[in-house]
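Chains as they are written, first to last, in the working numbering: chain A, 409 to 797; chain B, 409 to 797.
Treat the hints loosely; a few may be bogus.
Claimed, not checked - Derived DSS-like pairs: lysine-lysine, alpha-carbon spacing no greater than 30 Å straight-line:
hint, chain 1, residue 1, chain 2, residue 2
1, A, Lys416, B, Lys526
2, A, Lys495, B, Lys416
3, B, Lys574, A, Lys419
Note that these hints are calculated values from the structure, not bench results.
There are 2 protein chains.
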Amino acid sequence: MIDNNDFKIRKIISSLKSSPIRNIANSVIGKKNIIPLYFGETDVATPSFISEAMKTALDEGHTFYSANQGIPDLIETISCYSSDLHKNNISPSRIMVTSAGMNALMIASEALINPNDKVICITPVWPNFMRCIEIMGGKVIEIPLRHHDNDNKWKLNLEEIKKNIKDAKAIYINTPNNPTGWVMSRNEQLEILEICRKEKVWVISDEVYERIIYDKKVAPSFLDISKDDDLLIVVNSFSKSWAMTGWRLGWMIIPEGLINIFEKLNEFNVASPSSPAQHAGLVAIKEGEKFIQNMINDLKLSRNITIKYLNNFSQVIFPYSEAAFYAYFKIKDISDSEKFCFDTLQSTGVGLAPGTSFGNGGESWVRICYAKSPDLLNEAFEKLKPVLS
Amino acid sequence: MIDNNDFKIRKIISSLKSSPIRNIANSVIGKKNIIPLYFGETDVATPSFISEAMKTALDEGHTFYSANQGIPDLIETISCYSSDLHKNNISPSRIMVTSAGMNALMIASEALINPNDKVICITPVWPNFMRCIEIMGGKVIEIPLRHHDNDNKWKLNLEEIKKNIKDAKAIYINTPNNPTGWVMSRNEQLEILEICRKEKVWVISDEVYERIIYDKKVAPSFLDISKDDDLLIVVNSFSKSWAMTGWRLGWMIIPEGLINIFEKLNEFNVASPSSPAQHAGLVAIKEGEKFIQNMINDLKLSRNITIKYLNNFSQVIFPYSEAAFYAYFKIKDISDSEKFCFDTLQSTGVGLAPGTSFGNGGESWVRICYAKSPDLLNEAFEKLKPVLS
Numbered sequence: 409m410i411d412n413n414d415f416k417i418r419k420i421i422s423s424l425k426s427s428p429i430r431n432i433a434n435s436v437i438g439k440k441n442i443i444p445l446y447f448g449e450t451d452v453a454t455p456s457f458i459s460e461a462m463k464t465a466l467d468e469g470h471t472f473y474s475a476n477q478g479i480p481d482l483i484e485t486i487s488c489y490s491s492d493l494h495k496n497n498i499s500p501s502r503i504m505v506t507s508a509g510m511n512a513l514m515i516a517s518e519a520l521i522n523p524n525d526k527v528i529c530i531t532p533v534w535p536n537f538m539r540c541i542e543i544m545g546g547k548v549i550e551i552p553l554r555h556h557d558n559d560n561k562w563k564l565n566l567e568e569i570k571k572n573i574k575d576a577k578a579i580y581i582n583t584p585n586n587p588t589g590w591v592m593s594r595n596e597q598l599e600i601l602e603i604c605r606k607e608k609v610w611v612i613s614d615e616v617y618e619r620i621i622y623d624k625k626v627a628p629s630f631l632d633i634s635k636d637d638d639l640l641i642v643v644n645s646f647s648k649s650w651a652m653t654g655w656r657l658g659w660m661i662i663p664e665g666l667i668n669i670f671e672k673l674n675e676f677n678v679a680s681p682s683s684p685a686q687h688a689g690l691v692a693i694k695e696g697e698k699f700i701q702n703m704i705n706d707l708k709l710s711r712n713i714t715i716k717y718l719n720n721f722s723q724v725i726f727p728y729s730e731a732a733f734y735a736y737f738k739i740k741d742i743s744d745s746e747k748f749c750f751d752t753l754q755s756t757g758v759g760l761a762p763g764t765s766f767g768n769g770g771e772s773w774v775r776i777c778y779a780k781s782p783d784l785l786n787e788a789f790e791k792l793k794p795v796l797s
Numbered sequence: 409m410i411d412n413n414d415f416k417i418r419k420i421i422s423s424l425k426s427s428p429i430r431n432i433a434n435s436v437i438g439k440k441n442i443i444p445l446y447f448g449e450t451d452v453a454t455p456s457f458i459s460e461a462m463k464t465a466l467d468e469g470h471t472f473y474s475a476n477q478g479i480p481d482l483i484e485t486i487s488c489y490s491s492d493l494h495k496n497n498i499s500p501s502r503i504m505v506t507s508a509g510m511n512a513l514m515i516a517s518e519a520l521i522n523p524n525d526k527v528i529c530i531t532p533v534w535p536n537f538m539r540c541i542e543i544m545g546g547k548v549i550e551i552p553l554r555h556h557d558n559d560n561k562w563k564l565n566l567e568e569i570k571k572n573i574k575d576a577k578a579i580y581i582n583t584p585n586n587p588t589g590w591v592m593s594r595n596e597q598l599e600i601l602e603i604c605r606k607e608k609v610w611v612i613s614d615e616v617y618e619r620i621i622y623d624k625k626v627a628p629s630f631l632d633i634s635k636d637d638d639l640l641i642v643v644n645s646f647s648k649s650w651a652m653t654g655w656r657l658g659w660m661i662i663p664e665g666l667i668n669i670f671e672k673l674n675e676f677n678v679a680s681p682s683s684p685a686q687h688a689g690l691v692a693i694k695e696g697e698k699f700i701q702n703m704i705n706d707l708k709l710s711r712n713i714t715i716k717y718l719n720n721f722s723q724v725i726f727p728y729s730e731a732a733f734y735a736y737f738k739i740k741d742i743s744d745s746e747k748f749c750f751d752t753l754q755s756t757g758v759g760l761a762p763g764t765s766f767g768n769g770g771e772s773w774v775r776i777c778y779a780k781s782p783d784l785l786n787e788a789f790e791k792l793k794p795v796l797s
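Extracted from the complex, chain A is given alone in its bound form (with noise of 0.2 Å):
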């Protein structure tokens, strides 16, 4: 064990909460016959549309620094992009490249939060803006989304937002919601963006899986509703749209006006994006929507296996869920998810992640990933049957 006062190493930073699910993941690494459903990332390899654009590009030189913002033609992509999907003109000076939306969401933590600055973030959630806002020395107020037990479905709880606001420096919202699949709906994103209007408080708004959607094109965006001065921050990613999460590129989307400033976090950060990976990333925005509707309709098949076994399952109380690839489900007498997934783990093989993952409150929660083959998902479930019957 590390004695943090021989290093010196700043107490937040020391103490930040790793991952529960890593820690799970590693328990089995080397082991063979693990069906990991732990991890949110597909199991379809990038397609070789976008492979074949990266090599391309290397084989014509781009193998230099761009510019800070990204390179323009990809710039001007995602501006055609984003403006098309969302009905709204996003100018491209509003666009900045980066290295994976993570990098987004570290970026947007140095440009806004000081010291004791509170963000509220909606819970559960993907954890890791949460752990920006802390290594930026702020302090994260969670505000749970309260499940429904009549029509089974996750609310935003603007009660409790509407008390917190005026304290507050930003609101992080990230939706189509990881773990949860809950979609913030239109009038809930117009009633956020007005009374963060009125107190000047910053939206920062995750929506690395607007794709990921499975009965519509995209899912509702502040980008259909904003003007192009709101305190609004976008992030999104090529890593789920076009199965791209090993190359980290994606971008945010910034008020007009401000575009220097994010440049200069870019420069300090990681400099530019990789070259050669924009060029790909050029390509499969303009020629992956034949890819995203493929995927989609593969992961509809996924999801109904989930659903079906889920809601069979007599341990289970599974929330209706319309977006992403997960399911986030409760276990009936279960109170330490951490130590069920390990134990479960064990048993039958199966990763699941623990719902203490994505804040408090998920002790009894557990997520899967199913974004996996129905071959692998059927036996998944039935490893698991024994455990959750």
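With chain A held as given, fit chain B onto it using these hints.
Just chain B now, kept in the frame of chain A:
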């Protein structure tokens, strides 16, 4: 002009010094017949054996997230490379692959710098780490190298360092140095290590130019003389040694026992570096020695041309430079290096980097990057002749 109050961006961020180099380069975007000597990049694209390795990685489906620390084979390869180069055992558990040396420096800042912590920076220096310190709320204490007239060499100001070390959290040293080409001697490293051990101050050694040196295989490194529990972070990069600037791949070597903490920071910055790029980096190290030798031979030619011209220009004082691929020189009778660089770019078409980019005291200085073909360099110096003679 943005009113900071309207956007509630952190004061330190909106006032963060942008790079005067970028300002000058931006003034001629799209203009033809410019010879850009301002950026720190060779004009050689990444060699094909490295690009081919990335293509193979794509074909083999290495497009998923990697472990936070990096892919095990690459970590093992860096461990062997570094241990061999520095005749010291650098264990894999001290190595983390990062999205470029730049992100390694940002991560080092996040780990160490609390608000108002002081960090000694030896200047002139590539300014990005100074900005990282400021982003984290820390304070930069610049301690300039002294230019000795008698032997025309840069010397460390050890007295001034000793005076300030007690108040500092860390000392940042870039050796071989961008922009001066100064290389810290073994004796100086021993002295710095001794006083930092005594005062429990971190050494952050940015050694990305360790292979760009003209009379030996590798520059003296803190890795040659340190123990694995010294408060030492050594940052390295694939950018300079293997002409991979646009790839964004680097690594950091940290004390034994801290990898779990730094893995978390990788997670919250970029998650993990690009997977296909890591596979290419592995091949770069394993098969890249001949490329490095050839590059150094080419750079020697460019360096000789540079020395010949600069020593003959009557307005120029050019201290001896033994490494990296820059010439940092003083111009008599100028006191505004940014204006000088703007004017020179307009009148000659040659892009120089103003000395004010590299810390205080650069008002009479400029930097060129001479990692260009002999023809282009000759042309540039002929164009500069009227201004510098």
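Okay, the hints, checked on the actual structure:
1. Under the criterion of a C-alpha separation no larger than 30 Å, the hint pairing A/Lys416 with B/Lys526 is consistent with the structure, at around 13 Å.
2. At most 30 Å may separate the alpha-carbon atoms for a hinted pair to count; A/Lys495 and B/Lys416 meet this at roughly 28 Å.
3. The suggested pairing of B/Lys574 with A/Lys419 holds, with an alpha-carbon distance near 20 Å, which does not exceed 30 Å.
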